[in-house]
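> Sequence:
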Amino acid sequence: MRLIRYGKGEVFIIISLDSDIIENLTKTELEIINFINSHENTLHAMSIVDIAFDTYSSPSTVSRAIRKCGLNGFNELRYRSGNKARSEEIQSMNELFNKTLIEAQAVHERISLTDILAVIQCLKEAHQISVFARGLTTYVGQEFSLKLQLLDYDVFFTDDPNIMQVKASKLKERDVLFILSLNGQTPELVSSAVTAHQKGNCVISCCCNPKSRLLSCSKISLVGFKHSHQAIKEFEVSSRIPLYMICRIIIDYMSTYS
Numbered sequence: 001m002r003l004i005r006y007g008k009g010e011v012f013i014i015i016s017l018d019s020d021i022i023e024n025l026t027k028t029e030l031e032i033i034n035f036i037n038s039h040e041n042t043l044h045a046m047s048i049v050d051i052a053f054d055t056y057s058s059p060s061t062v063s064r065a066i067r068k069c070g071l072n073g074f075n076e077l078r079y080r081s082g083n084k085a086r087s088e089e090i091q092s093m094n095e096l097f098n099k100t101l102i103e104a105q106a107v108h109e110r111i112s113l114t115d116i117l118a119v120i121q122c123l124k125e126a127h128q129i130s131v132f133a134r135g136l137t138t139y140v141g142q143e144f145s146l147k148l149q150l151l152d153y154d155v156f157f158t159d160d161p162n163i164m165q166v167k168a169s170k171l172k173e174r175d176v177l178f179i180l181s182l183n184g185q186t187p188e189l190v191s192s193a194v195t196a197h198q199k200g201n202c203v204i205s206c207c208c209n210p211k212s213r214l215l216s217c218s219k220i221s222l223v224g225f226k227h228s229h230q231a232i233k234e235f236e237v238s239s240r241i242p243l244y245m246i247c248r249i250i251i252d253y254m255s256t257y258s
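Mapping to the UniProt record's numbering: the sequence shown position 215 is 215, numbers consecutive.
Please note that a few of the clues may not be correct.
[Claimed, not checked] Computed list of lysine-lysine pairs in DSBU-like fashion (alpha-carbon distance at most 30 Å, straight line): (1) Lys172 x Lys124; (2) Lys219 x Lys172; (3) Lys219 x Lys199; (4) Lys99 x Lys68; (5) Lys219 x Lys167; (6) Lys167 x Lys147; (7) Lys199 x Lys167; (8) Lys199 x Lys124; (9) Lys147 x Lys170; (10) Lys211 x Lys99; (11) Lys211 x Lys170; (12) Lys99 x Lys147; (13) Lys147 x Lys124; (14) Lys172 x Lys199; (15) Lys170 x Lys219; (16) Lys170 x Lys124; (17) Lys211 x Lys199; (18) Lys211 x Lys172; (19) Lys124 x Lys211; (20) Lys147 x Lys219; (21) Lys199 x Lys147; (22) Lys172 x Lys147; (23) Lys211 x Lys167; (24) Lys170 x Lys199; (25) Lys219 x Lys124; (26) Lys167 x Lys124; (27) Lys68 x Lys27.
[Unchecked claim] Listed next, with one range per pair, are the computed distances between beta-carbon atoms: (28) Ser255 x Thr100: 20 to 30 Å; (29) Arg67 x Leu113: 14 to 24 Å; (30) Asp115 x Gly135: 22 to 32 Å; (31) Gly135 x Asp20: 47 to 57 Å; (32) Lys68 x Leu151: 37 to 47 Å; (33) Pro161 x Leu117: 27 to 37 Å; (34) Tyr56 x Arg248: 26 to 36 Å.
Just so you know, the hints here were simulated from the structure itself, not pulled from any lab data.
Where a beta carbon is used, it is the ideal one built from N, C-alpha and C, also for glycine.
Given only the sequences and the hints, what does the whole structure look like? Please build it.
This is the structure:
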């Protein structure tokens with residue numbers, strides 16, 4: 001963010017413009033950037049829809065204009081303007097928005113597209129897909145299982161540790177075990193993975209811990225990113241957004257290209 005001084009006043013330019021950038025902008029895009037720079041005091045409270053409405057444009061045009069100026073998108077713009085805001089509440093909220101953005105970007109950077117395609121191929125060839133999850137990750141597993149069922153796959157889901165052990169020992173030759181775990185250290189999930197792996201079944205683990213014990217007994221592992229910030233420190237209620245994202249990518253591909 002660039003600071004320009006005029007007499008006793010100060011003007012913050014959120015998006016700096018040079019001749020090369022200006023030449024690359026359309027008339028509408030330039031008007032959008034000028035609007036952003038002239039509303040630095042209120043921009044932190046605006047959404048991309050608000051900016052589009054006030055500039056008689058569209059959210060996609062606003063996003064394109066911002067990216068042409070070298071920013072990664074509206075979230076980075078909001079982060080810059082939020083840091084300028086004097087309100088501590090606005091600054092705090094801005095940090096929370098940025099936390100989610102960092103988490104999402106890290107998942108995209110860390111997940112191998114080759115591994116995603118390999119997972120999808122295993123799921124397509126499976127006779128039955130068993131999905132295991134525990135704790136809050138149960139909700140991720142339930143949604144993932146339901147969507148697979150809607151795509152006409154034979155899916156068995158459980159979060160019961162006793163059932164996991166029995167089911168893992170009775171998997172048939174073409175059955176696949178898909179394990180969802182944030183930390184990848186839950187004993188019953190690890191034990192189930194070991195059992196299925198020793199039987200020769202395809203074990204797929206999806207977690208956010210690169211040192212998880214699950215990785216050594218999985219045919220394919222999808223390792224996301226876990227943010228260090230924990231909102232409620234007394235309990236393990238860290239964000240499951242990375243797991244949701246990975247499952248969504250799998251489901252979206254299978255529903256679109258199957």
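> With the threshold set at 30 Å, check whether the alpha-carbon distance from lysine 211 to lysine 199 stays at or below it.
holds (23 Å)
> Are the Cα positions of lysine 219 and lysine 124 separated by 30 Å at most?
OK: lysine 219 and lysine 124 at ~15 Å, within 30 Å.
> Check whether the Cα positions of lysine 147 and lysine 170 lie no farther apart than 30 Å.
With a Cα-Cα distance of about 24 Å, the restraint between lysine 147 and lysine 170 holds, given a limit of 30 Å.
> Would you check the hint for lysine 170 and lysine 124, treating anything up to 30 Å between C-alpha atoms as holding?
holds (20 Å)
> Is the Cα-Cα distance between lysine 167 and lysine 124 30 Å or less?
holds (20 Å)
> Given the hinted pair lysine 172 and lysine 147, is their alpha-carbon gap at most 30 Å?
holds (23 Å)
> With a cut-off of 30 Å on the C-alpha distance, tell me whether lysine 211 and lysine 170 pass.
Answer holds: lysine 211 to lysine 170 is near 28 Å, not above 30 Å.
> Within a Cα-Cα threshold of 30 Å, do lysine 219 and lysine 167 meet the stated pairing?
Given pair lysine 219, lysine 167 holds - Cα atoms ~18 Å apart, limit 30 Å.
> Are lysine 219 and lysine 199 close enough, with their CA atoms no more than 30 Å apart?
The hint holds at about 12 Å.
> If you draw a straight line from the CA of lysine 172 to the CA of lysine 199, is it 30 Å or shorter?
holds (9 Å)
> Given the hinted pair lysine 68 and lysine 27, is their Cα-Cα distance within 30 Å?
holds (13 Å)
> Just to be careful, I want the Cα atoms of lysine 147 and lysine 219 compared with a cutoff of 30 Å; is the pair within it?
holds (23 Å)
No hint from the list above goes unmet by this structure.
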